[in-house]
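Q: Here are the chains, one letter per residue:
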Amino acid sequence: MLTISKDLHDKIVAHARKDHPDEACGVIAGPAGSDRPERFIPMENAERSPTFYRFDSQEQFRVWREMDDRDEEPVVIYHSHTATEAYPSRTDISYASEPNAHYVLVSTRSDDETEFRSYRILDGEVTEEPVHVPE
Amino acid sequence: MAIEVRIPTILRTYTDGAKQVEGTGATLGELIDDLEARHAGLGARLIDGGALRRFVNVYLNDEDVRFLSGLETPVKDGDTVTVLPAVAGG
Chain S
1 MLTISKDLHD KIVAHARKDH PDEACGVIAG PAGSDRPERF IPMENAERSP
51 TFYRFDSQEQ FRVWREMDDR DEEPVVIYHS HTATEAYPSR TDISYASEPN
101 AHYVLVSTRS DDETEFRSYR ILDGEVTEEP VHVPE
Chain Y
1 MAIEVRIPTI LRTYTDGAKQ VEGTGATLGE LIDDLEARHA GLGARLIDGG
51 ALRRFVNVYL NDEDVRFLSG LETPVKDGDT VTVLPAVAGG
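Protein chains in written order, with the numbering used here: chain S, 1 to 135; chain Y, 1 to 90.
The calculated lysine to aspartate or glutamate pairs, modelled on EDC-like cross-linking and capped at a C-alpha distance of 20 Å, are:
#, chain 1, residue 1, chain 2, residue 2
1, S, Lys11, S, Glu135
2, Y, Lys19, S, Glu98
3, Y, Lys19, S, Glu66
4, Y, Lys19, S, Glu73
5, Y, Lys19, S, Asp68
6, S, Lys18, S, Asp7
7, Y, Lys19, S, Asp69
8, Y, Lys76, Y, Asp64
9, Y, Lys19, S, Asp71
Listed next, with one range per pair, are the computed distances between beta-carbon atoms:
#, chain 1, residue 1, chain 2, residue 2, range
10, Y, Gly49, S, Ser49, 24 to 32 Å
11, S, Asn100, Y, Phe55, 15 to 23 Å
12, S, Thr91, Y, Ala37, 30 to 38 Å
Everything labelled a hint here was simulated from the structure, so no lab data went into it. In this text, a Cβ means the ideal position worked out from N, Cα and C, and glycines have one as well.
Let the sequences and hints guide you as you build the complete structure.
A: And the structure:
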């Protein structure tokens, strides 16, 4: 299960809405081993594409080093789908490379409602998990 | 002295869990050959068909080697090489 604060949940949704129709992406860091997403880090989508995303490699290096220095890890890795459901695509599955991360998918295909779902992706296998947003 | 190489979580199965390993070589390509000799299987996760894999980022100190000379990039004792899987998808 992913437990995420309302504030962070809303920040992800706002980022996805802002970048629509391109895909938005980013990380929520948290203390290593805690499984607690705490620090919101929106990332540049270097592809600037409605169908693909990739973190800018230099930005990723800086952010990963900063997490390392702070003894944090990427607890959540999020991105949006702008025309399809919030389910990992084949490329999402084949490039998933953080075995401990919650992969959050947001869909902005509907104007009125934003789908927000979370998955574990390990060795090509996708497992959806419940998302808990405490009030 | 040697070159320090930082290994991401997903590749630590090749380094007995080590976050950081050492290697030698005059270029990044030679360093990766040396790493493969010490940690069998690691090289193939970084290189495919004689080139760096597209979805693996390798940095010399703090620069992506794609903006340097790729596998031909000169490396020396005291350098730090960082491997990070690209975060990407569709």
